[in-house]
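Residue 14 in the numbering used here sits at position 14 of the sequence shown, and the numbers go up by one each step.
These aren't lab readings, by the way, just hints derived from the structure by calculation.
This one's a predicted model, so the numbers in the text were calculated from it and none came from an experiment.
Keep in mind that the hints are not guaranteed to be accurate.
[As the list claims (entries may be wrong)] Mimicking EDC-like on lysine to aspartate or glutamate, the simulated pairs with C-alpha atoms at most 20 Å apart in a straight line are: (1) K16 x E55; (2) K16 x E61; (3) K16 x D42.
[As the list claims (entries may be wrong)] Here are the simulated distance ranges between beta carbons: (4) L5 x S30: 15 to 25 Å; (5) A36 x L5: 35 to 45 Å; (6) G31 x S79: 21 to 31 Å; (7) R43 x H81: 29 to 39 Å; (8) E61 x D4: 37 to 47 Å; (9) V40 x V78: 19 to 29 Å; (10) D4 x L37: 18 to 28 Å; (11) D42 x V80: 40 to 50 Å.
Think of the CB as a built atom: it goes at the ideal place given N, C-alpha and C, for glycine as much as any other residue.
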Amino acid sequence: MTTDLEHHAAKLFTAKDLVYVRQIADDELSGLPDEALEAVNDRTSLFVVANGDGEQLAIVEGRDAAFAAARAYEMQPVSVH
């Protein structure tokens with residue numbers, strides 16, 4: 001028997017507008033073109049916005065900026081560590 005909480009959680013985690021924000025890993029930086037990183041002041045401040053399948057939708061400088069970018073496109077960002 002599925003509880004209301006389980007039903008709500010399943011609905012939340014499969015929402016199409018839900019995106020995940022996490023700090024980019026060092027090994028992911030090596031795949032980016034040099035010109036994409038020229039304007040970045042601090043590479044440790046880069047965050048990935050990804051969908052539920054793990055597909056990268058954006059790489060943004062700053063956690064707050066990543067959340068703002070997601071919300072600007074009417075998505076619901078959550079932090080992943």
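Right, here's what the structure says about each hint:
For the hint pairing K16 with E55, the CA-to-CA distance comes to about 13 Å; that is within 20 Å, so the pair holds. Note on K16 and E61: the hinted pairing is violated, with a Cα-Cα distance of about 24 Å set against a maximum of 20 Å. Restraint check for K16 and D42: the C-alpha separation of about 31 Å exceeds 20 Å, so the hint is violated. About 42 Å separates the C-beta atoms of L5 and S30, a value inconsistent with the hinted range of 15 to 25 Å.
Hint check: A36 to L5, Cβ distance near 42 Å, so the stated range 35 to 45 Å holds. For G31 and S79, the Cβ-Cβ distance of about 23 Å falls inside the hinted range of 21 to 31 Å, so the restraint holds. At about 18 Å, the CB distance of R43 to H81 disagrees with the hint of 29 to 39 Å. Judged by the Cβ atoms, the range 37 to 47 Å given for E61 and D4 holds: they are separated by roughly 40 Å.
Restraint check, V40 to V78: a C-beta distance of roughly 24 Å satisfies the suggested window 19 to 29 Å. Checked against the hint of 18 to 28 Å, the pair D4 and L37 fails, with Cβ atoms roughly 46 Å apart. Range check, D42 to V80: about 20 Å between beta-carbon atoms, so the 40 to 50 Å window is missed.
In this structure, the hints that do not hold are numbers 2, 3, 4, 7, 10, 11, in rising order.
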